[in-house]
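Could you build the full structure based on these sequences and the hints that come with them?
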Amino acid sequence: MASSAARRGSAGDVLRDALPKIVLSPSLAMVLIFVYGFIAFTLYLSFTDSRILPSYDLVGWKNYINLFRLRAWTIAIKNVAIFGSLYIIFCCFIGLMLAIFLDQKIRAEGFIRSIYLYPMALSFIVTGTAWKWFLDPGIGLEAVMHSWGWTSFQFNWIKSNQMAIYTIVIAAVWQTSGFVMAMFLAGLRGIDNEVLKAAQIDGASNFSLYRRIVIPQLRPAFMSAIVVLAHMAIKSYDLVIALTGGGPGRATELPATFMYSYTFTRNQMGIGAASAVIMLMSVAAIMVPYLWSELREKPQ
Amino acid sequence: MSSASASQVVSTGRTTRFLIYTLLLIFCLYYLLPLYVMLVNSLKPLREIQSGGMMNLPESLTFEPWKSAWSTAQIGVQATGLRPYFWNSIQMVVPAVAISTILGALNGYVLTKWQFRGHNIVFGLLLFACFIPFQIVLIPMARILGILGIAGSVPGLIFVHLVYGIGFSTLYFRNYYAQFPTELVRAAMIDGAGFFTIFRRILLPSSGPIAVVCIIWQFTNIWNDFLFGASFSDFNSQPMTVALNNLVQSSTGVKEYNVHFAGAIMAAMPTLLVYIVAGRYFVRGLMAGSVKG
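The listed protein sequences correspond, in order, to chains R and P.
Residue numbers in the first sequence follow our numbering, run continuously in steps of one, and reach 300 at the last position.
Residue numbers in the second sequence follow our numbering, run continuously in steps of one, and reach 293 at the last position.
Hint data in this document are derived by calculation from the structure and do not stem from the laboratory.
Hints may contain errors.
The following label-pair restraints were derived from C-beta to C-beta distances [as the list claims (entries may be wrong)]:
| no. | chain 1 | residue 1 | chain 2 | residue 2 | range |
| --- | --- | --- | --- | --- | --- |
| 1 | P | Ser60 | R | Ser205 | 30 to 36 Å |
| 2 | R | Arg266 | P | Thr182 | 50 to 56 Å |
| 3 | R | Met281 | P | Arg14 | 49 to 55 Å |
Rough simulated footprint, nothing fancy, chain R against chain P, three-plus residues with beta-carbon under 8 Å [said to hold, decoys possible]:
| no. | region |
| --- | --- |
| 4 | 17 to 23 |
| 5 | 26 to 32 |
| 6 | 99 to 107 |
Each residue gets a CB set at the ideal place from its N, CA and C atoms; glycine is no exception.
This is the structure:
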């Protein structure tokens with residue numbers, strides 16, 4: 001834009017021309033070093049025999065091979081698959097349902113919407129702490145039901161090896177389903193009413209109206225929701241730490257907790273780095289195509 | 001289901017509406033339940049919680065758990081309560097939010113109004129940086145903070161949050177400024193206004209809404225962070241989330257649930273307050289955060 005000025009060539013003009021780039025450069029430098037440089041460093045470490053401290057001796061694919069032989073990692077992968085898929089399914093289902101219902105000219109819609117959304121403002125540590133108590137058989141839901149006279153009531157998932165991972169889903173869905181609702185609501189508000197009216201004149205019922213016309217039009221909202229939720233599921237760390245600490249045993253181990261414990265408490269930095277690389281790859285596999293398509297659609 | 005009405009495309013019968021309202025209300029209770037449980041139990045003496053009745057209102061109302069959580073609870077070596085950690089969080093969050101917002105505004109300005117070759121690549125790099133799992137940078141960051149001499153300190157945490165907050169703040173301002181008429185900028189340029197003059201006089205005065213969105217977003221994210229706080233702080237610089245987790249997970253002595261509940265509300269209070277005061281912007285911010293190019 002300022003290129004015509006630069007052609008005149010005085011020092012002041014050169015500076016003026018370079019100023020925007022100078023302003024941008026600290027941020028760009030920070031991101032290049034602390035994001036991309038660090039990714040490269042961790043990638044390198046994942047091929048070394050680093051243990052308590054970084055080492056620069058390459059060992060090839062050994063860490064990755066060991067990683068996938070570790071029972072803890074297999075459990076973490078299995079758990080993140082269970083957690084991620086249930087988390088996405090429930091958030092989308094509840095979010096869509098609430099959005100459709102809230103879209104029916106509901107009184108006090110704004111108020112209800114704020115109630116659905118507020119969990120998003122809280123830290124996962126707070127959320128996890130709250131749900132930990134609530135799910136604790138000793139003082140939480142089970143104890144309450146017993147004190148209300150339903151003595152056969154049992155809900156001890158958080159103490160159970162098989163079921164603990166589902167308590168993570170419960171708390172995480174509580175935290176984010178309202179946010180997904182807001183995304184779907186925004187999508188619903190953007191749908192053209194004329195199409196719906198036309199279909200209605202043709203005798204379509206409300207149900208088929210939603211199934212055939214509305215929900216298919218929410219595709220972009222579904223895409224964004226699924227991408228955001230999937231990337232959150234892969235990164236999940238705080239919630240597990242606060243809710244179960246990864247336990248009982250390893251029942252709620254996720255890649256994020258695995259990475260942390262192998263790197264910082266078990267002194268297996270090489271393996272920790274390898275697990276971080278796998279996490280990055282999974283997130284990139286979801287985010288890169290998504291960002292790519294979002295940025296490319298823009299000019300039209 | 002029922003027939004159409006003139007005012008509204010999808011209309012519903014009385015029974016269906018009743019069911020919808022019931023369901024919406026049930027979900028209100030579901031979302032409010034944990035907050036209710038935390039609140040009522042933070043105002044009970046411990047024995048009342050231990051004897052069950054988590055859902056009941058306090059029989060003998062007490063503010064002791066709040067006092068204890070704030071100033072006398074045992075976290076770490078000394079019985080300081082959460083107060084110093086709350087202060088750590090404030091000291092960390094204010095500069096990190098302020099600086100990342102200012103840099104984001106300037107970056108957004110450059111990326112939309114002073115475009116250069118490859119500006120899209122730069123933006124793409126910043127954008128992807130928003131979504132990396134932070135586990136990938138933990139090891140090198142721990143080393144670098146040590147080399148810079150700010151490991152285990154509040155300035156160290158400010159630095160970390162600044163670095164990883166720039167992507168989002170740039171994203172917000174870029175998308176906002178992209179809709180701002182470039183003609184105005186061009187006209188000012190012809191009149192001889194410089195880079196900073198244009199920013200200060202033309203873009204900044206209309207940046208209020210996006211600045212609020214950015215500040216709320218950064219504030220909640222940085223206040224709520226746990227991973228960086230747990231990785232890069234020591235006892236004197238721990239933020240609120242880490243201290244709360246230590247308080248709750250500490251295995252010594254009797255579990256003082258009421259104190260834990262009070263502490264959890266304290267950790268939630270600042271972001272909750274921001275959400276209540278500026279909730280509308282928060283929603284908009286979240287929407288903008290779902291990445292529009």
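Going through the hints against the structure:
1. Take Ser60/P and Ser205/R: their Cβ atoms lie about 56 Å apart, and the range 30 to 36 Å is violated.
2. About 55 Å separates the C-beta atoms of Arg266/R and Thr182/P, a value consistent with the hinted range of 50 to 56 Å.
3. For the hinted restraint 49 to 55 Å between Met281/R and Arg14/P, the CB-CB distance of approximately 53 Å keeps it satisfied.
4. Counting residues of the region 17 to 23 of chain P whose CB falls under 8 Å from any CB of chain R gives 4; the rule of at least 3 is met.
5. With a cut-off of 8 Å between beta carbons, the region 26 to 32 of chain P has 5 residues touching chain R; three or more are needed, and the interface restraint holds.
6. Coverage of the region 99 to 107 of chain P by chain R holds. Counting CB-CB distances below 8 Å, 3 residues qualify, and the rule asks for three or more.
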